[in-house]
Each structure stands twice: as structure tokens, then as C-alpha cells.
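Which chain is which? The protein sequence lines are A and B, in order.
Mapping the first sequence onto the working numbering, position 340 (from 1) lands on 340, and the numbers just tick up by one.
Mapping the second sequence onto the working numbering, position 314 (from 1) lands on 314, and the numbers just tick up by one.
It cannot be assumed that every hint is accurate.
Said to hold, decoys possible - Below, computed lysine-lysine pairings styled on BS3-like, alpha-carbon distance capped at 27 angstroms:
1. B:K379 - A:K255
2. A:K208 - B:K231
3. A:K231 - B:K231
4. A:K382 - B:K255
5. A:K381 - B:K208
6. B:K255 - A:K231
7. B:K231 - A:K381
8. B:K208 - A:K24
9. B:K231 - A:K382
10. B:K379 - A:K389
Since the hints were made in silico from the structure, they are not lab data.
Values in this document were obtained by computation on a predicted structure and should not be read as measured data.
As a plain string of letters, each chain reads:
There are 2 protein chains.
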Amino acid sequence: MSATVYEATTSAPVNIACIKYWGKRDTKLILPTNSSLSVTLDQDLLRSTTTSRADPSFTKDRLWLNGKEEEIKDGGRMDNCIKEMKRLRKVLVEDKDPNAPKLSEMKLHIVSFNTVPTAAGLASSASGFAALTTSLASLFALPLNPSELSLIARRGSGSACRSLFGGYVAWEMGSKPDGSDSLAIEVAPRAHWPEMRAVVCVVSGEKKDVGSSVGMQLTVETSPLLQHRIKHVVPMRMQAISKAIKARDFDAFAKITMADSNQFHAVALDTTPPIFYMNDVSRNLIALVEEYNRVCLQKTGHLGAAYTFDAGPNAVIYTLPEHMKAITELVLYYFPVPPAPEERTSQASAVGFYDVLNIFPEANGKPTGKLVEGFNEEKLKKWGTGAVKGVIHCKVGDGPKILGKEASLMTAEGTPKAL
Amino acid sequence: MSATVYEATTSAPVNIACIKYWGKRDTKLILPTNSSLSVTLDQDLLRSTTTSRADPSFTKDRLWLNGKEEEIKDGGRMDNCIKEMKRLRKVLVEDKDPNAPKLSEMKLHIVSFNTVPTAAGLASSASGFAALTTSLASLFALPLNPSELSLIARRGSGSACRSLFGGYVAWEMGSKPDGSDSLAIEVAPRAHWPEMRAVVCVVSGEKKDVGSSVGMQLTVETSPLLQHRIKHVVPMRMQAISKAIKARDFDAFAKITMADSNQFHAVALDTTPPIFYMNDVSRNLIALVEEYNRVCLQKTGHLGAAYTFDAGPNAVIYTLPEHMKAITELVLYYFPVPPAPEERTSQASAVGFYDVLNIFPEANGKPTGKLVEGFNEEKLKKWGTGAVKGVIHCKVGDGPKILGKEASLMTAEGTPKAL
């Protein structure tokens, strides 16, 4: 063990796309067929935290994910990401400053924890690669801004690039063959529109037949509709939703978000063989939001909520503070969630997953009178307990955070701390 | 009562589209946004039968559907259809032959029965309007061929025009504003490819939120993807599937049929608000066919089956005789059907609906050993009894049939016979 500990710990957020990324034009460089746009969620409940340490005593690069050591495959995405960061350390720091410690020549130990319920399919690879990239950038003291770092995170997992910023983030597809202009930019910071909220509904479902990496390329290869989406629909929507965000126009934001979620699932369905990520519970969550919006429109002339679904059955419902209670009560009424399990195996299940039950215990599966006046209760069916496994409240949040030494996930020996 | 009875009874088939009709460019004339193509099913189990009678003693046009009198709304589709047939009677027959009885001036009684399970959502309006049109054409002795009659059936219910022919039928969208070239043509008669079979799986589902008439216009108004489908995808597929039918190429037929079913549901999902007709049972029926095809491809290099879904959760699985047993056993294994109800309220439930249980009683919900060698049983889940309510076997069939007096559905008084 050397006397000086070279270590950095950072956390990075989850992001949920409003304009969906679906399709790569270059699978090696992870260059998308269209631009996308997301909202970054706060890190209170959902985040990835990563501690990286460089030490001359380490004999190889090692990685522990949620306490379990994972193999770093030679030439795999993780390996490429680490190599690129080491290269940048050498070129940008060590070559310029002969006194800088030669961290690029040391082996790394990396410990990462997700408080994103893994089973939830809430894109923990995005927050994970964002946390890794930020952690290494901090360890290596790289003079790079988030857009520049997003280029590296992107090669780990495409949508990870959007987790390098807080607030409202676009991943510009770029046009260069080397991918150097395919990066994340900030459309608006969190503080520009801090009222945005997300009600994350974690839906029970069978294991996905088709993962998103394989699925999106099947769509690229076989869907006649995808080309139209890429060329004609997404460019217009990117402009329109950026404008909506800048104007804090929730109605426009909601309409585009729902339409683009549906269109993403439409091109998945237009794939041969067809890909389904939503199930009957997802469909009923859409019906819930549609009916809630009908009531809101009638009462106020404005929409109250917007659903969006990634490559899985979970709904993320974007809304504003004044609708949080009604939306949550409606979800818990139609989809009662189970109590927290006796055995809590992760930070996530301890704090995040069942969070809402502490806030709205009375709403869970029990009729709370007229939940929302004018809401047509026949519009969807009431499900048994567990169709929705948990509900998580989030706000729009900030980008990756550099944490202090006290947040280290590593023991003195460079292995994961017990949590 | 006059001494001579002017009466005609005909039956007409159901047709199931392989290239889907979804969208009207003229809602009054029922002119579609794209051409479509279907297979006509045999009339053994599924059909509409209609008796029409003209009598000077009748005081108004009256209609009984499945034994229940229905109002003929002034200016409605039924009324328009009857008026147009009377006009043609006058112009084509009575004006030319002064001895022809003036049936066009008499009121009509029309009695129609569907043996199509109404709840099944198996397009009984198509067979119904085809039977009505054919019955009136027969009663009025109109010198019109099926394509000409299809123009009138089309105005009753768009897809009815395709039920005027047996075998393989195209509805050409036409281009004239008056709709005079938007009609059905025979692509190939039944006898050209008589091996085609259909396994109809009637799926339990909630009542449709959005009927197809309203739904398709919502898609026309709001789906960005529909225009691409109409202009670029369907014209190519119409050519390709006609060629496949002419060549009796089941592989090509199956690929196009499945892709077009999926694309129709994709544009429905791309609608605002989104329209869902398939449910989790439908998705599992797709998984069944996909897995069966995977096995067939591996063993023989050819596909064994093709699913297609109309505006509802029911699957129609097109296949060939050598696959009927395997497909049916797989469906009954994963989706056991309930026994026939004590009370049988229609001809349909008596003969058609539970037909398959008489043929394959042992397959219903019971593991029959290796159902199909190499079939990965994990690819879909096993459902409880009743998720699929019934399974019906059909062959490709003939067009409308003119039936003898003994088939009349009418009493001497011109009201429905008890069945």
C-alpha cells in the first residue's frame, strides 16, 4: 500500500427519456440513429455511486457491482471505458505535468452500488456508466466538461451520456463517423424548471425476451416505419420539446412525451419478430393517465401528467407538484403495492422502493371515496396486490456529484465495504 | 299477403385481412386510405345468413338481427344500402322490363343471423353486409357481378366488400372521388390454393375502448407513421402478397401477413391517445406462433403458421393442413378452453365455438408429452382456463351463396323464425 490514497467517489443520476433513443447507426461506437432527450431524476432514491482507486499495489483492474465482483472483459465496454480514461489521464495530465503521479500506469479497483432496484429495469446501466466516468475523471483530475465526458460514458451505454447533466438533457446524434459530435448537452438546468416530478411505477413482468441492445438493432434491420420516425418525426419533436422545456410549457411537454413513448413502442411492434415491452398493467397505467388528463383538461384546460415507458413494463409518470397526491392515490388504488419484504437486500428496497407507502398508507388499494372528482372509474380495471411492485417519487435533479471521503465505498484494502 | 312471395336467402362468409384496412380518406363513401387483402373463410361455422322479402303489405322497411328488431336509421348505413339496392332495381330491372314486379316500391323485411360469435369481435359486420347485399341483389334479380356488388357492401361496412368473393380477395382503394373504383377483386379463387387453413382463437378481453370506425380516423388524424405506411409500405406489400398467393408460397404469405398485422397495431399505438387491441394473451399467442415457426424453420426450412389480429384481441392463425394438429394442441395446452356452456344461446356456440374440443379433447390444458419436438416451452406462459374462450377451425372458403327456400329465416308473416 502506498501512503497516498488516490481515490474518488461520485454519484450519478438516472435519466428517463422523453424522446426515445432506439437504434444505432454504429454499434461499436454507440452512435444513435436519432437524437434523444431526457429528464434527469434526483438522486435521493435512485442513483449509482462509484468509488475508484488507483494504487501501485493493485495487480489488475477489478470491478465490484453491488458487492459482487464482475469480470472486466478484455475489449468490452467497461474495459474500453477504463482504457480511454487512462489514455486521457496520460495525454491531458501526465504528459503535461511531469510531477503528476502516473495513475495511468496503475491498476484500478472500482466499487459501484446502484440504489436503482435492478429488477426494476430502470436503466441502472445509464447511471452506472455515468458514475464510473465521473469517478475516473475526478480521480484522474481530467480537465473535461460534462459534454466531453458524455462521449466516454456513451461508449459504455448509449443513454449514460445523458446522465452527465442534471435537468433537461439532449443527446445530439451528431453526424461525424468517429462519433466525436455525438454527445450530451444541457437543454435547461434543473433550476430552470424545478417543479417537474416523476412518479415511477415499477411493474411486475416476465423477464424481457429481447434486451434493448439486441431489440433496437432488430428494429433498425426490419421496421419499415423506423426510417420515417428517424428522418421526419424525431427532428421535429426534438425542436418542439426543447421549446416546451424552455417555455416551461407542461402541456406541450406532456403531449410530445406521451406520443414519443407510444411511437417508440410502435416501431418495436413493427419489428420482425415484434417486440413488446408494455404489458396489460402498462396499458392500464396509460389509461389511468389518459383519464386523469381528460378530467384535468375539462377542469383547467391543462394536462396533469405524462406517461413514458422505456424498454420494459414500468411507467414513469411526469407531473407537477399539485398533481402528485392525486396521481399517487390513483395508482395505489388501482394497483395496490405489497408491503416491504422482511428481508431488505439493498439500500433501494430499504428506502426507495416502498417510499410512497409511508406517505400515502391509506391509499393502498382502498377506495378513498371519490379519488378524483369526475374520474371515470370504469376506464381501467382494479388489479390485485403486486401488479405494481412499488412506486417511487422523484424530482428533476442535478447531474453527477463528487462526494467526500466519508462516502467511499471501499475498505482500506480496496474491496467493497459491507453496507 | 300477396300470393307470390318475393324472397331471397343468402349466406356470406367472414374474411380476415392479411394486409389491413385502417383509415378512410372519405368517411361518408367509406373510401380507404390504402388497399387491403384478405382470405375468405369457409361458411361451415362462421357466416351471416340473410332472408330479404318485399311485400306490398309491409308498411315499412324492417330489420331483425339475431332475432332482435333493430332500428333502420334514416340516412344510416343500412338505410343507404337498402335505398341504393332499390334504386338499382328500378334502373336496371323495372325501367327496362315493364313486366317486372315493382319490388323497388315495396317495403322490405330483412332477417339476418350471424353464426359468428358476436362477442368474438370476428367482423360480423363484414359478413352481415355482404349477406344483405347479396340477398337483395338476388331478390331484385340485379345483373351485377361481385365486384359491382362490393361497391354497395363497402358503403355498409368497408371490409364487407371483401366478403363478396371467396378465396383470396383484394379491396383496391381506387382513386376516384366518387368511390366507383374502390371495390373488391378476386386475386385467386379458393380452388387455386385450397390448403389454406385458419385456427381462430377467441380471446377473452375487456370491452374495446375504441371501435374500429372511430379508432381508424383517430389514427388518420394523429399518427405520423400512418402516412408512411399508406404511401410506401402497403403498395409494396399488396404486390408481394398477391405474388405469394399466386405462387402458393406460404413462407412469403406468412411473413407479410404477420408483419402487416404488427404494423397495423403499431400505427394504432402511434395514435393519440394510443389504441391497444391486443392484450397479454394475444402477445403470448404471437410468441406461440413465433416459437413454432422457429422450430419449423429449423426442421424444414419453412414457416408453419402466420398470426394476424384485427381490431381486437383474437388471433387468427393461418396455416396448412399438416400443421393443424400441432397448432391446435399447442393453443389448447397453453390456453385451455372452457367446456361448452349449459345454455347455448346461438348456433355459433352450439357448433363452432367449441368445435375443437370435440376433435382434440385430450389436448385441452393437459401436457401431451412433447407437444412439438424442439418447442421451447419457456417461451410463453401457461394460462388458466378461459383466457382463450374457444378455438374454431376454418378453411379458405367460397363467396356468398344463394340458398333455397328451405333455408328461409322468415315465417309466413315476415318475421324471424324461431331457431
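Quick rundown of the hints versus the structure:
1. B:K379 - A:K255: 35 angstroms, violated
2. A:K208 - B:K231: 33 angstroms, violated
3. A:K231 - B:K231: 16 angstroms, holds
4. A:K382 - B:K255: 38 angstroms, violated
5. A:K381 - B:K208: 13 angstroms, holds
6. B:K255 - A:K231: Given pair K255 (chain B), K231 (chain A) holds - Cα atoms ~26 angstroms apart, limit 27 angstroms.
7. B:K231 - A:K381: At roughly 38 angstroms apart (the allowed maximum being 27 angstroms), K381 (chain A) and K231 (chain B) break the hint.
8. B:K208 - A:K24: 36 angstroms, violated
9. B:K231 - A:K382: 41 angstroms, violated
10. B:K379 - A:K389: Holds, at about 23 angstroms.
This entry does not satisfy hints 1, 2, 4, 7, 8, 9, going by the numbered hints stated previously.
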